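**Student:** I would like the entire structure built from these sequences, with the hints used as guidance.
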Amino acid sequence: MSAEAPTGNGTAPAGTAPAVLSAAALARLMPLHLRLDAAGRICGAGPTLAKLCAGRPMIGRPFAELFELRSPRRVARLDELAGSARLRIGIRHLPGTVLRGLAVPLDAAEGDAQDDDNGGTGGLLLNLSFGISVVEAVRDHGLTEADFAPTDLTVEMLYLVEAKSAVLDELRDMNGRLLGAKAVAEEQARTDTLTGLRNRRAVDHALRAAVAEGRAFGLVHLDLDHFKQVNDTMGHAAGDHVLREVARILADETRSGDVIGRVGGDEFVILFPGVDGYAPLISIARRILARLEAPIPFEGRACRVSASIGATLSCLYAWPTPERLLGDADRALYASKRSGRGRVTTLAPADAPEAALRPEVMEGA
Amino acid sequence: MHGLVNRSIQSFLRDTYGAAFWARVAEAAGLPEDGFETMQRYDDALTDRVINIAAGLLDRHAPPMLEDLGTYLVSDPRRERLRRLLRLGGAGYVDFLHSLEDLPERARLALPDLDLPQLCLNEPEPGRFMLACRAAHPGFQHVLVGMLRAMADDYGALVVIDTAGRADGADRISIDLLDQSYTRGKQFELAAGMAAGL
Chain A
1 MSAEAPTGNG TAPAGTAPAV LSAAALARLM PLHLRLDAAG RICGAGPTLA
51 KLCAGRPMIG RPFAELFELR SPRRVARLDE LAGSARLRIG IRHLPGTVLR
101 GLAVPLDAAE GDAQDDDNGG TGGLLLNLSF GISVVEAVRD HGLTEADFAP
151 TDLTVEMLYL VEAKSAVLDE LRDMNGRLLG AKAVAEEQAR TDTLTGLRNR
201 RAVDHALRAA VAEGRAFGLV HLDLDHFKQV NDTMGHAAGD HVLREVARIL
251 ADETRSGDVI GRVGGDEFVI LFPGVDGYAP LISIARRILA RLEAPIPFEG
301 RACRVSASIG ATLSCLYAWP TPERLLGDAD RALYASKRSG RGRVTTLAPA
351 DAPEAALRPE VMEGA
Chain B
1 MHGLVNRSIQ SFLRDTYGAA FWARVAEAAG LPEDGFETMQ RYDDALTDRV
51 INIAAGLLDR HAPPMLEDLG TYLVSDPRRE RLRRLLRLGG AGYVDFLHSL
101 EDLPERARLA LPDLDLPQLC LNEPEPGRFM LACRAAHPGF QHVLVGMLRA
151 MADDYGALVV IDTAGRADGA DRISIDLLDQ SYTRGKQFEL AAGMAAGL
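Quick note, the sequences are listed as chains A and B, same order. Number 68 in our numbering belongs to position 68 of the first sequence; there are no gaps in the numbering. Number 114 in our numbering belongs to position 114 of the second sequence; there are no gaps in the numbering.
Quick caveat, the hints were computed from the structure, so don't treat them as lab data. Among the clues, some could well be false.
To give a feel for the contact side, a few chain B residues facing chain A, derived at Cβ under 7 Å [as the list claims (entries may be wrong)]: (1) T38; (2) P77; (3) R81; (4) R84; (5) L85; (6) L88; (7) R106; (8) L109; (9) A110.
Bear in mind the structure is a predicted one, so any value in this text is a computation, not a measurement. No residue lacks a Cβ here, since even glycine has one placed at the ideal position from N, Cα and C.
**Tutor:** And the structure:
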């Protein structure tokens, strides 16, 4: 087999003389090559290509029987392929595998007819490669380094694919850690550290969201009575203990979807989504009062507190706003304080800032 | 030092000596509990501090500990990735040794800011190799010794590897290849486990 470079005038300088390669050398140089004779029959194949054909007889078979031209689609004679800048060739028994390649004409052996314009009619030499689908090809056919010429960048490509996956995995892990840390930070930013209830910010947020959604909810404002005395006479540790106990009682007596927040030293706000009447709020408030007024033991002594409670309902307002509801619940609470503590006051349905509060005065249990 | 390097040290200490040990090292070095982030850069002094604290707590010298780190990076089943990347260097151990010169460039393809030491391989006599490691920071050569030994195991090659002092500003490692195919080595497939579409 030989390939001839364009010669100058007369004597060919070294390096431009026809190169003659043995089949073995060609196989090493181009493990994915294919040689066709002038009739388009396969007369040689590189070892990697033979591996892809997995024992199917190739030599002597027509090119079109084993391979399919994908681009160019149609040629009148196979040797026209030598004029194509880039070939795309499918392997019939491996649907989905598309090789890319280049075809060059081979000179005819001495004595055979020669085509003077285009090199000889000694058939074609095709050099093929996997192109971008090389990862799948290597995996599907169990190829090894030995199946590629050392000049081929396939292994570099595999290296890059694996290194890129490793980097992506690291980034994904890091993202997971950051998201976890962010969730913890957000939870901390919403939480009152002493009681584990929501803090003022979280309550404001929940209240704004509830108003924006436009669904009915009840709002309860609760202020402890006699808490200052506990703090002053029994110390801050006792005060903290009482606040934690109150938080536990509030959580016990409300539903899991209710939002309970500590919004000041001994002030609590509870948001009751879905509530559009006072009856359930009053019965919950009554249970809360009953439990709050039971003595809370601390280091062998009993802490005694009570609470004043004010409540309002979003459904009372034509245009509810968070400030308006909080303000009204607060005024209802102070009405409870003025009328003797340990009580619940509900805002009158009249829904006017100047409306008199109608106290549902209840005796503490 | 790149976070990836620091994170490798952290994984080695945690996987080898336990989470409690790592927590002690992290605390003593003034690191957060989670330790290093992979894609961050850190002051080199912090890396040295972590290594010295760990070696101190273990009552070991740093170099043999760093050799263990190198072995761990290649042979720990949880870190199959690096072994695969190194095995892509060549079909046999000698090919692999020659591919080390390309290693920093290859690594930079994936992580442009990862500065691995410059490696240069010589074969002063057949079967006897000398690897020069020119690192911006000392200590890499010990990690490399551990890695090279573990890779020899992986390829099934019988070698004697040791540090060989410094010359011309490079830390040198000598590799005596006694038998390139002493055992069959571990199995390696070029594209094993690569999911489609990677």
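**Student:** Take the hints in turn and mark each one as holding or not.
**Tutor:** Do the hints match the structure? See the list:
no.	hint	verdict
1	T38	4 Å, holds
2	P77	15 Å, violated
3	R81	5 Å, holds
4	R84	6 Å, holds
5	L85	6 Å, holds
6	L88	5 Å, holds
7	R106	6 Å, holds
8	L109	5 Å, holds
9	A110	3 Å, holds
The structure is inconsistent with hint 2 alone, although it conforms to all the rest.
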